[in-house]
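**Student:** Sequence:
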Amino acid sequence: MSAESLHASATELLTDWEPATRADHSLREAILAFLGAAPRGCLREFAPGHITASAIVLSHDRRDILLTLHPRVGRWIQLGGHCEPEDKTVQDAALREATEESGIPDLLLTSGLYGAQAHPITCSLGVPTRHLDLLFEIVAPPGAVPIRSAESTDLRWWPIDGLPPGADVLLPVRGQM
Numbered sequence: 030m031s032a033e034s035l036h037a038s039a040t041e042l043l044t045d046w047e048p049a050t051r052a053d054h055s056l057r058e059a060i061l062a063f064l065g066a067a068p069r070g071c072l073r074e075f076a077p078g079h080i081t082a083s084a085i086v087l088s089h090d091r092r093d094i095l096l097t098l099h100p101r102v103g104r105w106i107q108l109g110g111h112c113e114p115e116d117k118t119v120q121d122a123a124l125r126e127a128t129e130e131s132g133i134p135d136l137l138l139t140s141g142l143y144g145a146q147a148h149p150i151t152c153s154l155g156v157p158t159r160h161l162d163l164l165f166e167i168v169a170p171p172g173a174v175p176i177r178s179a180e181s182t183d184l185r186w187w188p189i190d191g192l193p194p195g196a197d198v199l200l201p202v203r204g205q206m
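The numbering of the sequence shown is the numbering used here, which starts it at 30 and goes up by one.
No wet-lab data here; the hints were simulated from the structure. Just so it is clear, CB atoms sit at the ideal spot from N, CA and C, and this is done for glycine as well. Among the clues, some could well be false.
To be verified - Pairwise CB distance ranges (calculated):
| no. | residue 1 | residue 2 | range |
| --- | --- | --- | --- |
| 1 | P170 | A66 | 14 to 24 Å |
| 2 | A147 | T182 | 22 to 32 Å |
| 3 | G65 | P171 | 19 to 29 Å |
| 4 | P157 | S34 | 39 to 49 Å |
| 5 | G195 | P68 | 16 to 26 Å |
| 6 | R51 | I176 | 37 to 47 Å |
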């Protein structure tokens, strides 16, 4: 990985993304402006904020979503995390994070960027920062059984129309799924 390849992939994804709402359009423009001023903005050590990669892991029939009960956040959220040295693109980071955190092999990245979110957070480095989260849809193979990693308090499938209270998940629009 290089900071440059991750930066280029994030910029390309955001430039090609066509947000459905004004709020998403504004967020896209804000993240692009951030990247324009922050060549190392995809790296976790960039304290003012950094790009993170999220995986919306769906069952093969797209009826269920895999969520993690995040120990630091204290809510059910999608899988995902920081870009790492082996990631060439933000998509690579999302797929790697989904595989590591779910224990499910043969996950399939099905689309490009479909959403973005911004979250204030104190990272594991102990510094308050902001995650600029890029979201990708990933589909699990039939019969996939998740295995909880050390990064999660709990991990389970939830019906898309029955998410747990307080879940903080931006689902793909039904027509996109």
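**Student:** It remains to establish, for every hint, whether it holds in the given structure.
**Tutor:** Verification of the hints:
1. P170 x A66: 14 to 24 Å: violated (41 Å)
2. A147 x T182: 22 to 32 Å: holds (24 Å)
3. G65 x P171: 19 to 29 Å: Violated: the Cβ-Cβ distance is about 43 Å, outside 19 to 29 Å.
4. P157 x S34: 39 to 49 Å: For S34 against P157, whose Cβ atoms are near 28 Å apart, the range 39 to 49 Å is violated.
5. G195 x P68: 16 to 26 Å: Given about 36 Å between the Cβ atoms, the range is violated.
6. R51 x I176: 37 to 47 Å: holds (40 Å)
Hint check: violations occur at hints 1, 3, 4, 5; the rest are consistent with the structure.
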